[in-house]
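Trainee: Listed here are the chains, written in short residue letters.
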Amino acid sequence: MKALFITLLFALSLPLGLYSAEDLHVVSLDAAVAGHAEDGGVISELAGNFGITWPTLIAQMVNFCIVAIVLYKFAVKPIVATLDERQQKIADGLQYAEEMKAQLAAAERERAEKIKEAAVDAQRILNESREQSKEMIEQKTQEAAAQAEAIIRKASEATEQERKKMLTEVRQEVARLVVATSSKVLSRDLSDTEKSTFSESAAKELASAGN
Amino acid sequence: MKRDKKITQLAKKLVELSKDDNGAVTEAKVSEVLAGLKQVKHRHHLTVLKSYLGYLRREVALQTAVVATPSALSDAALKEIEANYTKLYGRPISAVTNQDTSLIAGVRVRVGDDVYDASVSGRLQRLAENVH
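Residue numbers (our numbering), protein chains in the order written: chain A, -4 to 206; chain B, 2 to 133.
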């Protein structure tokens, strides 16, 4: 970067030098014509043809050096520093962007892994839930069947007990009616003689029971 | 408590004294016992008499066969019953008749707390119970 600016400064200063040299050339052309006629040297002739005079050239060179130094000191150097700083910042930014990009990719991968793990976990939980619900449904079904069976059994038992109770009541009632009817019939139809005979027989039966 | 026990023992002894040689409670023996009690004049005379009466009734009931029948029984049958239960219980038992038409026919004998039923109504009742 620094070399680029120095080259640029030289390139910019060249037209200025040429412009100064052209002014000098107009001035020195007349003098050169006069000098050529006087000295007749090759170098002098060339210098005269190009309008170069040594004091002017030296002064231009000194001037140029001063300008170059000043420019380098107060313009190029801060600009270069600024450019370096900006370049550093850009590099840092790019590096940061690369890091961020890598982190983003890593985060993206991590997110994808997490999503994948979450999906696997969700699938596992879903399967477990399905298994549990299936087992629970089977268990509840069995319990319901057992309860229904118990209810039916109890109902059957209750019905059977009720039937037995009714049968017992009917038997008791029938027996009571039979006894009552028999008693009435026997009381009415048995004669006193028959009753006495039966009583005597029963007394003998009781008398012989203990023997 | 102790007094009641002594009175009970006395009443039981009086009941034993009221029996004749055969072990049967007779009116004559009871009269003798009562006469003796009048002479002794026990301090708890009334209580002793009540207790004596209770045990005497129980003893009489144990020695009596109440024969319930709808019609009169012959003396021979009663004698047979007396002989049978005297032999069965090992103590003299006399039979008394009690007319009960609800029996229809047959007899029912009660000795103390024991009941021997050979009546028609009793048989019908047992038949009804067996039908259940």
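One or more hints might be untrue.
What the hints assert, rightly or not - For each label pair, taking beta carbons as the anchor points, the in silico distance ranges come out as:
1. B/LYS13 x A/LYS160: 49 to 55 Å
2. A/THR154 x B/GLY91: 29 to 35 Å
3. B/ARG92 x A/LYS160: 45 to 51 Å
4. B/LEU63 x A/THR176: 23 to 29 Å
5. B/LYS13 x A/GLU168: 32 to 38 Å
6. A/THR176 x B/ASP115: 28 to 34 Å
7. A/SER186 x B/ARG127: 21 to 27 Å
These are computed hints drawn from the structure, not numbers from a lab. Note that the structure is a prediction, hence the values are computed from the model and not measured. Think of the CB as a built atom: it goes at the ideal place given N, C-alpha and C, for glycine as much as any other residue.
Trainee: Need the list of violated hint numbers for this structure, in ascending order.
Mentor: Going through the list in order, the structure violates hints 2, 4 and 5 and respects the others.
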